[in-house]
Amino acid sequence: MKLLLVAVLALAAVAVGIAHAAQSHTTLTVYAASSLTDVLPRIDGGERYSFGGSDTLAAQIEQGAPADVFTAANLAIPRALYAKHLVTKPRVLTRNALVLIVPRSNPAHIHHVSDLRRHGVKLVVAGATVPVGKYTLQVLAKLHLDVVLKNVVSHETDVRGVLGKVALGEADAGFVYATDARTARGKVTMIPIPARGRPSVAYGIAVVRSSKHRAAAAAYVAKLLAMPAQRRLRVAGFLAR
Amino acid sequence: MRFLIVLVAATAVVLGFLALPVIAIFAHVSPVTLASQLGNPVVDDALRVSAITTLEAQALVLFLGTPAAYLLATRRFPGRAVAVTAIELPLVLPPAVAGIGLLAAFGRTGLLHTGLPFTRAAVTLAVAFVSGPLYVRAAIAAFEAVDTSIVDAARTLGAGPARAFFRVVLPLARRGLSAGEALALARGLGEFGATIMFAGSLQRVTQTLPLAIYAEFDVNFDVTLAIGGLLVLISAAILVALKVASAWTLSLQSSGFRFAPSTSS
Amino acid sequence: MDTLAAELRVPLRAFDVELTISVGGTVALVGPSGAGKSTILRAIAGLVRPTAGRIALGGDVWFDAATRVSLPPERRAVGHVFQHYALFPHLTVRQNVAFGAKGAPVDELLERFGVGTLADARPTALSGGEQQRVALARAIARRPRVLLLDEPLSALDAHTRATVRSELRELLRTLGLPALVVTHDFEDASALADTVGVVIDGRLRQLATPAELVSSPADAFVGALTGANLLHGTASRSGDRLTALRLRTGELVYSTDEVVGPAAAIVYPWDVTVSHAAPDDSAQNHLAADVASVTRLGNRVRVAVGPLTAEVTAESAERLGIEEGRPLVATWKATATRLVPL
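In order, the protein sequences belong to chains A, B and C.
Its first residue numbered 625, the first sequence is counted upward by one per residue in my numbering.
Its first residue numbered 685, the second sequence is counted upward by one per residue in my numbering.
Its first residue numbered 2, the third sequence is counted upward by one per residue in my numbering.
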């Protein structure tokens, strides 16, 4: 019995040693908005990513989550954290466009944003605290289509939830980022938002102050702001900074 | 002696680990804050949705699950093992998968095109789907534990199958059934993954207490704590009520006659 | 009294139970455990469905494979007492007895069975004997037309058993219903019924009076089962630490057991030796009578000497020239005589 205990402890020590040796490259923990799920790992696959609704991620960071870098789908959320001295001053990482999507089969025959007014249309949006949800409200307000909100059947917790429901064909329509719509190309059809209604979607990025790898984090941010990464973002459908 | 110390230490750790998060909720939110949050429409609406869907779901589970469990417990037929496995399967499914399954079956693009998604009925179904198997499995065990000779006796005394079930089997199985229902109730109250997948989340319609916690988490931590505290209190109340009920039945069954029984035979 | 006519076949795992029997009065079925006796009762009660046969009480057909009639248990007028009584643990004694009562006077019944004072108790608080009486009262409350008793005495301790046995015998006599009693104990069977059937591996090997079963077993199986002789009489102390049992026929039988009052002596045939003259030994019991029957079982022979059956080897029987009608003396030890109070 004692022998077994010693053996287990020895193995544990070896494992820890190996882990430390592998730390010549510091693996950063990056908290990022879910719309960046596909593109960020392709730019830098060596880090540990946690994707989710920007508001949820921010709340977790406030509770002390061990993130090194934080990027949100708007500037307001990182700025709020900056005001609380939790992150460095946010920079604009990239931009995105909001778009209306409908399932390929388009069961409700939606061809224009105003068609959403029709009675019985099942509209899915993100919750008001999620950036894409806020943008949706902005769009509808600018287009004077607030009445459309009565057709909302679900407030999803992040943009991927909206995408999923439309892609599955359960919802008639939903508002997502153009980049998200592209990932589900075969399953959804994009309907552009009239120019006068388009919101300004800017992604903010900052280093988390409590990070133990401030230097590496800052380097990561710099890497993302540099040309090669920016080109990758454009290819994925994001817009110029 | 040393062995006993190890046992006690382990128990202390387990108790601490399990009790601490629950106590911590109330350390963060005072009863006053909790009470004041009860007026918050988000909390009230979520409470209402949870209450109604829980009642509907558990009614479904009890009224359909009980006879099904009785059949499976008392009859052997080809395919019985498969049937039992099929009923237990939702238990091991991750809730999100359960949600996808429900969509695939009842969604607009599913096998049976229904208008269920995004409705309160969808919440009820999702809750019934994930919590029902817990009850049915416990009910099968409870019915199997009833001595068949007692049921036979009831039949030979003139009771038909239905009367024998209600007057003999059910009272004797009651403890196991209550315990199973407690589990199902608790599981159903906390259900999240399948609900958000199949029913979505809309205040006053489909947003249950767990969904509300998630929605409010980044808005107002106080509300989140309040809902959390509320759920703890409700769950504790259910546990206590069921324990009291089963202890009461147990004492009725085993209590001896008040005066000493005769020693003559 | 109605007669229960049962003819049935029920396949069990190791063998088929196949039996034809007519019950008017009390019939006991004896056999080793697993012989299928309980199955017979369950088939008559309607708890198990035979694959063939017919079960009818008087003119009422309860089961008929040919016409596909099979009444469920609740529609058959049986009073079934189960081996471990199967009392409802969640109900009081009174509620138990009232369960199938249909208006029978429950309290009267409780009094009659001597459990009136226990009316509000729960079955788990009762002793074995009390539970048995409640089970009987419950079955009788239903006003059955036939009684089925499954091992009614097996779950009782030796002391209670004797008392309950005689009470049960009385009850069966008073009720006047056809009754089928199942037991693995031949003594119990003999005490309760005038007709005893031996069931082995699902088949009825022999149906006769207890005495006939002992003296003329149909085969070795029956012989092995129906071991004992039972001699009824009244016991009283007799000096020398012996008990004297005065048989109804007048003879005295001695035993080393201490019993007083009405009792039965149990003597196993193989403990009895036979000879032409009584050996001079006061530690032994002697019975001189004419040989009533001689039955050969393989290389053993059962000889009925008056009321007592002895079992000797075929050679001894040859040597002694045993034949029916000839006088013989049966000898056995007082220590080989067990006394049981009746």
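Don't read these hints as lab results, they were simulated from the structure.
Glycine included, C-beta positions come from ideal geometry on N, C-alpha and C.
It is possible that some hints are incorrect.
Said to hold, decoys possible - Over 10 Å on every C-beta distance to chain B, these chain C residues come out as not near it, computed from the model:
#, residue
1, G47
2, D61
3, V70
4, F83
5, R139
6, L149
7, L172
8, F222
9, L243
10, Y269
11, S276
Unchecked claim - A few chain B residues facing chain A, derived, Cβ under 8 Å:
#, residue
12, G785
13, L787
14, F790
15, G791
16, R792
17, T793
18, T798
19, F802
20, A805
21, G884
22, L886
23, T890
24, Y898
Claimed, not checked - Looking from chain C toward chain B, a few residues come up when the C-beta cut is under 10 Å (computed):
#, residue
25, A46
26, G80
27, H81
28, P145
29, A289
30, A290
31, V292
Numbers of the earlier hints that this structure fails to satisfy, in rising order: 1, 4, 5, 6, 12, 14, 18, 20, 29, 30 and 31
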